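Chemist: Top to bottom, those sequences are chains A and B. Read left to right, the first sequence gives residues 1 to 746 (the numbering used here). Read left to right, the second sequence gives residues 1001 to 1422 (the numbering used here).
By construction, these hints were calculated from the structure, which means they are not laboratory data. Keep in mind that a hint or two might mislead.
As the list claims (entries may be wrong) - Derived DEER-like restraints, expressed as beta-carbon distance ranges:
1) B:D1025 / A:L464: 47 to 57 angstroms
2) A:A273 / B:P1064: 46 to 56 angstroms
3) B:S1033 / A:W693: 53 to 63 angstroms
4) A:G433 / B:D1025: 47 to 57 angstroms
5) B:D1259 / A:E532: 27 to 37 angstroms
6) A:G483 / B:T1030: 12 to 22 angstroms
What the hints assert, rightly or not - In silico SDA-like cross-links for lysine to any residue, where the CA-CA straight-line distance does not exceed 20 angstroms:
7) A:K362 / B:T1197
8) B:K1395 / A:G483
9) B:K1395 / B:L1292
10) B:K1402 / B:N1359
11) A:K562 / A:T537
12) A:K562 / B:S1027
13) B:K1402 / A:S528
Keep in mind it's a predicted model, so treat the numbers as computed, not measured. Note that CB positions come from ideal geometry on N, CA and C, so glycine has one too.
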Amino acid sequence: MNLPKKYLVKTCSLAVSLGLCLNLHAQQSESPNNDSDDTYSQRMLIIGQKEELNTEAGAVTVIDEAQLEKFEFDDIHRILAEVPGVNIRQEDGYGLRPNIGFRGVTPERSKKINILEDGILIGPAPYSAPAAYYFPMVSRLSSIEVFKGPSAILYGPNTVAGTLNLHTRQVTSQDEGMVDLSLGDFGYQKLHAYTIQNTGNLGILVEALHSGSEGFKELENGADTGFDKNDITTKFRYDLDGAEFDQVFELKLGYADEVSDETYLGLTDSDFAASPYRRYAASQLGLMDWEHKQFQFTHFISGTNFDVTTRVYRNEFDRAWRKLNNFRQSSNPATRRSLQEILQSPTEGINAIYYQVLTGDKDSEGLFEQLIIGTNDRSFYSQGIQSDLQWEVDWAGFTHYIKAGVRYHEDEIERNHTEDSFNMVSRMLTSTGEATSLTTANTERSEVISVYFQDTLKLDKWELSLGIRGEKIDSFYQNNLTGSEQDWLKKSNTIWLPGASAFYSLDSHSGLFAGIHRGFVPTSPKQSPDIEIEDSTNLELGYRYSNQTSQIELVGFVSDFKNLKESCTASTSSNCFSIIDQEYNAGAVDVSGIEASYSDRLEVNGSIEMPWSIIYTYTSAEFQESFNSDFELWGDVIAGDSVPYLPENQLTLSLGLETSKWRVNLMANYTDELNEAAGSNVVLSGVTTNSFWNVDLSAAYDFDNFGTVYLKVDNLLDEINIISRRPYGARPNKPQQIFMGYKYRW
Amino acid sequence: MKSVSLISPIAISISIALFGTGCSDSSNSTAGSQFNDNSGNGGTPTQFNEESLVAHLTNNVFTPTYQDFNSLAITLQQAVNQYCTSERGFASGSNSEQQRDEHKLAAQNQWKETMGKWQTIEIMQIGPLVENQGALRNRIYSWPVTNSCAVDQDVVFFNQGEINGNPYDINDRVVTRKGLDAAEYLLFNTDLNHSCTASTAPAGWDNLTDAQRREQRCLFAVEVSSDIVNNSQLLLDDWTGSNGYAQSLLNAANQPGPDFDNVHEAVNRISDGLFYIDSVTKDAKLAIPLGLFANDCQQNACPENVESLYASESIEHIRNNLLSLQMIFNGEIASHNDTVGFDDFLNEVGAQAAATNINNSINNALSNLDAYQETLGQALANNPNQVQLTHEQIKAITDQMKTDFINQLALTLPASSAGDND
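Can you build the whole structure from these sequences, using the hints too?
Modeler: Next up, the structure:
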């Protein structure tokens, strides 16, 4: 690990002491130039401040810092329970590698939504390899925006579903700082600190975060099953306000890493019933090790009726995931099988032998009992320059609100996948001595020019928007294995994505909106030109109400997919190892649903308030064509079959009691059962997860000038559920976990 | 304002340009010669009667072969039973050692004949032989998933009549403990010691006399051969009959059911079976023992990894695989005049050269096998170049099957051959 925990602790301490030392000085030197503060901060957000009635035609949800602090979640899955229209497939219980989808798109590795950090695509290679194996640590976020509907055309490339904008802490004009220490069950620890200092027009943010856990799963050899994650972000902001224009220059540098003892290997259903947190001996070498580096320079200029934000960015991500791939394939079709097949029917035929080796109950004897551990080593970069204009202009008798932008983006993934063979000997994985074999070596690269233009006309109570997005994607794939020099593909695709919407203000607090736009997900560079893009027409109709304490949003949506596309990754199934990232077409799919949210804050008495909310999502997603597919999530599909991993009903209820000194909050989240596969003739055909409730509790007490103590209990009722049987085998949710923390702000 | 006057025309021209494009999508691509686009075929529409191909192969090739195997399995069971009676008679003094040896040899020869037929069927793995992860196939013959120690353990369990207090039932036993591979070990292995480690040794075996060991092994061989008969009957039951897989193949053209959407899909499933010659005959039976893939000898020549360790029939097995491929490819079976095969299909689509090349390659490989003067294990130790040549000649067949055969006939490769292991 490149940045040891000790170093992070030092960095956190440095951030704290720097903040404390400079605090006095800062009190005397408040930044004089903060006129551009609000406008600039707003541009970092898609939606803006939630207190205003948002007149964007599209379902929007903002989770601000106060909401994020309520439960101090580290897991984006738990945070997004408060957002309607989000479908999630949990995997490791901690949310280390999220699977997030919106409005019926498959959640697999969040690859069909746009994930932005401060307005910049943050996935490792959003065009060439959209699976989001990197996800920012959510504890350092100051707000989260979820945006669905026609304005998706402003944030490509994936316009079928929506955009998740993760907003990091801004360099405010006020000096401030915080230190947050938390400890919990399963060896959990979190140390988080930041400080913001201003000197003249220069503001500096230093933020450091470490979190880790020994893990709640159990290996027989007593090894950890948890994780260690570190993150350091620094921002340097310089404000230059003039008579005509205000400008902001900001440099953001970030470093993050993770080492987690994670595995793709789950349990048989019967083993899960007996001991849900068990891990088989064959998973003992599982390890994810990644490192992320971030550079971003932003220039912002605003005049009286326009502003332009220009960003130059580069993100680098290197990861190596060592995990059990399979048994050595015997070549014989009758004896080769995936780990998923073995765990789904562990007593059938030769599976009984494989199962015993997996658990360590039997030593490896024959060649066919050797275990293959693969290390998928991948290097990514994502870089580009983008400029976004917002402009209000009177023209042709109307006031136009123009949003326009252009982006040049490049990203690349380089894969070097290797395999090593191991024998199970006395419950320990022991190398067979075979040399490491290189199984996959290739490069995929994309060079993309994106443009968008949206004109919004304000006509009395109406706001009418018409927009279009263009993506010109030049992509290149090259197999790097010796002797495969001629295995390459060059593709060039240009696509135009129009969108139109209308918002009608009923009064100053409420309005109706409707929109239509074209949804799109590109194919990756190595996919055959025969693999079609994902293409849909998306419609929505909604109502929104907002005042100082209450927000209501009710949205109906329909997505008519001309072609639904999926890709086979190791996280889908062990059957995918020989065809990693192969994409599949499903043809037409209809998705429709309702998203409803209502939040309010009642006054119990003069000093106690009761915030509460109810969030409900109904989703129906059905294949419209019958087809037979080798893809493990589909199989042989009959028109009318449901798209897998989409709960029909989801409900989140939250209730709190808050005073100026203390607060207690409870959140209960219900998820319907999930189909593990759509059709027949695949391993998990007909298998579902159970519907379940998860309840989380948090409480905090403020000691005026001496900080805040907080307590939280995740999974208060200690419910045990199979959250999914992918990648292979039943996986548990996180058990009850109690945390205590102390937070001090200045 | 000056800024507005500058930006305004830019924005307007951007908008006009964007809308002026007519919003038409476009795409183009170029690919290297090795790029596999998984598009399935480069074949042309054909007038070839695929129904007649499926009907001929089903009625005149597959069904008779399965029936023959069932008959041979019954004969094997009888021969093993006779041998075991003789072994017990020899132990009790009622018959001579020579009589026992003659009966043992008869049982061994019958095993070879039965196994020879099974090696023909290995190329015909479709329908009931691939359903349920190949469970039925593995009950009859599970190689390369074999374990001699497991057989030694079950010899003892069977003769004790119970396992941990439960009556012994071979139906419940893992496939490494039964089938033709277990029968080979029981009939051909001359070492009367068990093959297990100290911790897995069968209880009490070391205390038995040689005569008791032979008797226990032959008694279990009778049980194993009876189980093979039962499973061969199950195969026939699943294959024949009004709802059998054979009928499903025959109906594919006119009454497609749950197994096939059309007759071409039925042809594709039969084609899938032929690729055993690639993934098993070429890779598992030759490339692994040669050390071209990982094996038990650090990727050196490895006689321990050949198929038929005890009967030393590995070359015969390969020969029978090739003969079966030749029979299905050409549709030629001695008992029938009809000869509709894949060669005719290739001829019909104008790929006569491919048909000729595949046939020539099969003949070359068969001629190569005729030249062997020793077992495959011995050849690996003494003359690995000869084995290497056999591998290359079979690869010549599979290379053409993966390209011309698949492309011209608009077929798809089975997953086991889709990756390029070569």
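Chemist: Next, verify each hint and record whether it holds.
Modeler: Hints, one by one, checked against the model:
1. As the Cβ distance of D1025 of chain B to L464 of chain A is approximately 25 angstroms, the hint placing it in 47 to 57 angstroms is violated.
2. Judged by the Cβ atoms, the range 46 to 56 angstroms given for A273 of chain A and P1064 of chain B holds: they are separated by roughly 48 angstroms.
3. The hinted range of 53 to 63 angstroms is satisfied by S1033 of chain B and W693 of chain A, whose Cβ atoms lie roughly 57 angstroms apart.
4. In this structure, G433 of chain A and D1025 of chain B meet the distance hint of 47 to 57 angstroms, their C-beta atoms being roughly 54 angstroms apart.
5. Hint check: D1259 of chain B to E532 of chain A, Cβ distance near 28 angstroms, so the stated range 27 to 37 angstroms holds.
6. For G483 of chain A and T1030 of chain B, the Cβ-Cβ distance of about 21 angstroms falls inside the hinted range of 12 to 22 angstroms, so the restraint holds.
7. The straight-line distance between the Cα atoms of K362 of chain A and T1197 of chain B is roughly 13 angstroms, inside the 20 angstroms bound, and the hint therefore holds.
8. Restraint check: the Cα-Cα separation between K1395 of chain B and G483 of chain A comes to about 17 angstroms, which is no more than 20 angstroms; the hinted pair holds.
9. Distance check on the hinted pair: K1395 of chain B and L1292 of chain B sit about 13 angstroms apart at the alpha-carbon level, within 20 angstroms; holds.
10. Our distance criterion of 20 angstroms between C-alpha atoms is met by K1402 of chain B and N1359 of chain B, whose separation comes to about 15 angstroms.
11. With a CA separation close to 8 angstroms, the supplied pair K562 of chain A and T537 of chain A stays within the 20 angstroms bound.
12. About 18 angstroms separates the Cα atoms of K562 of chain A and S1027 of chain B, which keeps this hinted pair within 20 angstroms; it holds.
13. Simply put, K1402 of chain B and S528 of chain A have alpha-carbon atoms about 19 angstroms apart, close enough for the 20 angstroms limit, and the pair holds.
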